[in-house]
Structures are given as C-alpha cells and as structure tokens.
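These protein sequence lines are chains B and X, in that order. Per the numbering used here: the first sequence ends with 473, consecutive numbering throughout. Per the numbering used here: the second sequence ends with 473, consecutive numbering throughout.
The hints are simulated quantities; they were obtained by calculation from the structure and are not laboratory data. Just to be clear, a hint being listed does not mean it is correct.
Copies of one chain are not kept apart here, so a pair can be met inside one copy or by any two copies together.
Straight-line distance between alpha carbons at most 16 Å, and here's what the computed EDC-like set of lysine to aspartate or glutamate pairs gives [unchecked claim]: (1) 430 with 449; (2) 405 with 333; (3) 314 with 446; (4) 430 with 388; (5) 405 with 446; (6) 430 with 294; (7) 430 with 409; (8) 405 with 461.
Number of protein chains: 2
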Amino acid sequence: MTGKDGGADLHPIGNSPVVILVRPQLADNIGAVARAMANGGLYHLRLVAPRDGWPQPNAWRNASGADRLLEDATVHATVADACADLHHVFATCPRPRHIVKSVLTARGAAAELRAITARDLRCGLMFGPERAGLDNDDMACTDALIRYPLNPGFMSLNLAQAVMVMAYEWWTAQDQTVPRTLMTNETRIANKAELENLLTHLVDELDQCGFLQNLPKRPGMVRNIRHFFQRGEATEQELRTFHGIVTELSRGRRLRGRER
Amino acid sequence: MTGKDGGADLHPIGNSPVVILVRPQLADNIGAVARAMANGGLYHLRLVAPRDGWPQPNAWRNASGADRLLEDATVHATVADACADLHHVFATCPRPRHIVKSVLTARGAAAELRAITARDLRCGLMFGPERAGLDNDDMACTDALIRYPLNPGFMSLNLAQAVMVMAYEWWTAQDQTVPRTLMTNETRIANKAELENLLTHLVDELDQCGFLQNLPKRPGMVRNIRHFFQRGEATEQELRTFHGIVTELSRGRRLRGRER
C-alpha cells in the first residue's frame with residue numbers, strides 16, 4: 214500500500230471514464246486525484262477553470278509518479294466544453310435540492326459505467342470544487358448524480374478520497390478476485406492423507422508418552438485434536454514442520470527409554 | 214463531498230473495528246486517516262510507535278473535524294500490545310512473500326468483519342508505515358491479509374486512501390441503498406394516465422399545426438414521440454411544464470386563427 218511508483222508508465226487500459234475536476238482549488242489535491250485515478254485505472258483528466266491556473270508544480274509533487282496523467286490533462290473554460298465529446302456524464306454530489314435527477318451509489322455508477330463504455334460510448338465522472346461542490350448549472354449538464362453511502366454523521370470527503378472511492382469501484386467492477394484465498398507461496402495445501410499421516414504420528418507419540426492414558430476420555434481427546442488441525446488449510450510445509458516438532462519433543466523420552 | 218463537519222460529534226455506532234497504524238510517520242496522514250475513518254463509521258484509532266510522538270497538532274489540522282477520533286486515540290509500544298484485547302486482526306499488505314496466509318479482498322474483509330463483530334468479537338484493521346509497509350513480524354500477528362484489487366501498474370496507495378477504501382467497504386457492507394433511484398424532491402413520478410394526458414395534448418396540437426399532416430407517416434411519428442417520453446420517469450411537475458410549453462408554443466397560431 215506504500216512506496217512510490219515513480220515515473221510509472223501508465224498506459225490506458227480500455228475506454229475508461231474521463232475525470233472532470235470542476236474549478237479545483239488546490240494543486241495538491243489535483244496531484245492526489247491523479248494518483249487515485251492511476252490506482253483505479255482511470256487515465257483521462259480534464260480541469261475546468263482551475264483556480265490557480267495550470268500546470269502547477271505542486272500537483273506533480275503530490276502525484277507519486279502518476280505524472281503521465283497530469284501531463285496529458287486538458288484545461289477547459291466551461292463544463293459544457295469539457296463534456297462536449299462525451300455521451301454520459303455522472304457527477305458526485307452529496308446533498309442536491311430542488312432537482313429531479315437519478316441518483317446512483319458509487320457501486321451502481323461503476324456498474325453502469327462499465328456497461329456504457331462496453332458499448333463504445335465515452336463517459337465522464339465530474340467532481341466539484343473542494344468547498345462549494347458543483348453548482349446547479351453544472352449538475353444540469355449531467356445524466357445522473359452519484360451519492361456515496363457513507364456515515365451521515367460525517368460526510369466531509371476530501372476531493373482525492375472522493376475520486377479514490379470511484380476509481381476503486383471502477384476497477385473492482387471488473388475484478389474477478391475471490392473474496393478469500395490462502396496464499397501458499399512456495400508450498401501447497403496438504404491433502405487429507407498428508408494430514409492423516411501427521412495426526413497418526415502425533416497420536417502415536419501421545420499414546421507412548423502417556424498423554425492419552427485415560428482410556429475412556431481418549432476418543433474424545435483425539436477427536437478434539439483432529440478438529441483443531443482441520444480448522445485451517447494446513448500446507449505440506451507446515452505438516453513437515455509439525456512432524457519435526459513431534460519427533461523432537463519426543464526425543465528425550467526415546468533416549469531415556471534406550472538408556473534404561 | 215466537500216466542506217467541513219467541524220467539531221462533528223462522532224458517536225461510535227456499534228462494535229466497529231479498531232484501526233491500528235503501525236509506526237506512522239506523518240501527522241498529516243494520521244489526521245487524514247481519522248477523517249477517512251469518520252467517513253466510513255470507524256471510530257477507534259490506535260497508534261503503534263508513531264515516529265514523531267503523539268499528540269501532534271498537524272493531525273488535527275488535517276482531520277477536518279474528526280477531532281474526537283484523534284483525542285481518543287491510544288499509543289502503544291508494540292503491535293502485540295495494540296492487539297491484546299482484539300479477537301481478529303486483518304492487515305493491509307500489497308506484496309507479502311514467503312508466507313502462508315489467507316488473503317482477502319477489501320470487500321471480502323468487510324463482509325467478514327461484519328460477521329465477526331456481529332458475534333460480539335472485537336476486530337482490528339492494521340496498516341503499515343508509509344514507506345516500508347508492515348514487516349514480517351507484524352504480519353505474523355494477524356489472522357489474514359487484505360489486498361485491494363487495484364491497477365497492478367500503479368499500486369502506490371496513500372495511507373489515508375488505503376484507510377478510506379476499507380472504511381468505505383466497512384460502511385457499504387451494511388448499506389441498503391438501491392444502486393439507482395430517481396430523486397424527485399418536491400414532486401412525484403407521474404403515472405401513465407398523466408403522461409397520456411400530455412401526449413394527447415401534444416399530438417392534438419401537432420395535428421392542428423400541420424406537423425403530422427403526412428397521414429401515412431403519422432402513426433409512426435406519433436409512436437416515436439411516445440417512445441421518447443416513455444424513456445425516463447417523467448414527474449408530475451415536468452408534465453405540467455410540458456403542458457405549458459405546448460400551450461405557449463401554440464398560442465401564436467390560435468391568435469392568428471382568431472384574428473382571421
């Protein structure tokens with residue numbers, strides 16, 4: 214999650230939505246937006262009337278290597294100009310009033326953006342200025358609004374974090390990663406025969422050292438040990454380690470037996 | 214998405230996971246983390262060996278009103294100490310090697326956190342320092358790792374943005390908002406009879422002004438107009454506006470007819 218992909222060569226993948234920052238105020242935020250865009254596979258940045266002009270070095274400083282997005286960013290005088298070649302534009306907006314408009318969740322918007330871009334249409338994602346947000350005329354240029362489900366007790370969202378959530382949802386909308394997997398690296402998950410082999414070794418030593426000498430209780434105790442070892446997916450390497458542990462812990466008793 | 218919830222009174226909702234920042238470097242980031250936590254309904258912050266000590270004024274400056282989280286934050290010497298009263302700890306980590314560990318997506322982790330906290334167990338979400346990330350000993354203290362599905366060409370994620378994604382997923386995991394809805398505010402969606410009423414009005418005027426005088430083409434043209442008006446959900450207010458538009462556009466012809 215850390216470090217710097219300095220000078221990353223960010224080649225656009227597919228027909229990704231254009232991020233439109235309307236009247237952005239802080240160059241720091243524009244840079245952080247570019248970084249968040251790169252994280253989520255959004256490559257096209259347009260700036261409508263940036264308050265302090267463009268380009269601004271502070272943006273590059275804060276982009277953590279997403280320089281290409283800043284270099285390719287275009288500046289537009291009006292929202293209409295920034296949207297002219299697009300077919301669908303969604304705008305993030307927390308609390309609009311007195312208007313009739315479709316409202317999407319971030320996830321719903323990402324799914325629709327994927328469906329629309331798959332038809333070879335170009336989409337835009339519009340974000341308002343840091344303090345005031347989008348005005349009513351800006352919103353009238355858009356197809357739908359996006360409102361994130363977030364804590365109603367604390368809705369103040371940094372501009373780059375607002376972009377991060379949409380970039381993350383855009384990427385995730387086509388991601389196939391399973392929710393949970395066991396990363397095994399150099400080893401592999403053990404099969405039941407290998408696990409049985411360890412349990413036999415362990416129970417055999419436990420019988421010999423006297424741990425299971427209470428015969429009425431023995432079956433239940435053996436089952437409980439089995440339950441524990443079945444709880445996770447043991448790997449072949451871990452079973453070998455446990456074979457070693459059991460052998461080494463038992464060595465003293467064996468040596469003692471031999472000495473006698 | 215903008216503005217400041219200055220001095221927001223952030224009362225914890227339910228048994229939310231503890232965010233553990235391990236050896237965080239920048240106070241600015243700690244503040245931004247608190248803001249992101251508040252956005253997603255995470256209220257408990259623990260700091261393990263913060264590089265520049267604690268408290269630090271810059272954190273408050275960057276928290277945008279999430280002061281309560283910073284005031285309640287606790288400082289711990291070790292990861293083990295920060296985790297002592299927790300039952301499950303997940304850690305974000307992009308590229309671990311040579312270890313055997315379960316790996317969750319952010320969404321998978323949020324679902325599991327909801328399920329675990331619903332059993333009245335306490336969970337932790339661990340984030341590593343800005344540059345180096347978590348070390349191998351830190352990771353050995355955790356139940357599972359979280360790896361976000363993000364652009365493999367640009368994985369450099371700001372600490373506060375990493376927290377934002379998990380906070381957002383935590384909140385969203387229990388959110389019931391429908392993906393798309395029409396916000397109608399003061400008005401309501403028109404029913405088919407009201408729409409029919411407008412279309413009758415419009416077609417009647419189009420007949421009278423001669424727009425539909427090509428009789429063989431008339432049925433198809435009327436159908437196409439109907440198709441357009443059926444495409445969205447018209448509101449009662451919008452239909453009234455269109456009645457007015459049709460009436461006003463037709464006024465000249467009526468007056469001219471009367472004058473003749």
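Comparing the hints with the structure gives:
1. 430 with 449: neither (30 Å within a copy, 76 Å between copies)
2. 405 with 333: neither (50 Å within a copy, 33 Å between copies)
3. 314 with 446: between (50 Å within a copy, 10 Å between copies)
4. 430 with 388: neither (50 Å within a copy, 49 Å between copies)
5. 405 with 446: within (10 Å within a copy, 58 Å between copies)
6. 430 with 294: This pair counts as neither: shortest intra-copy Cα distance 81 Å, inter-copy 38 Å.
7. 430 with 409: Neither, since 21 Å and 81 Å both go past 16 Å.
8. 405 with 461: neither (24 Å within a copy, 81 Å between copies)
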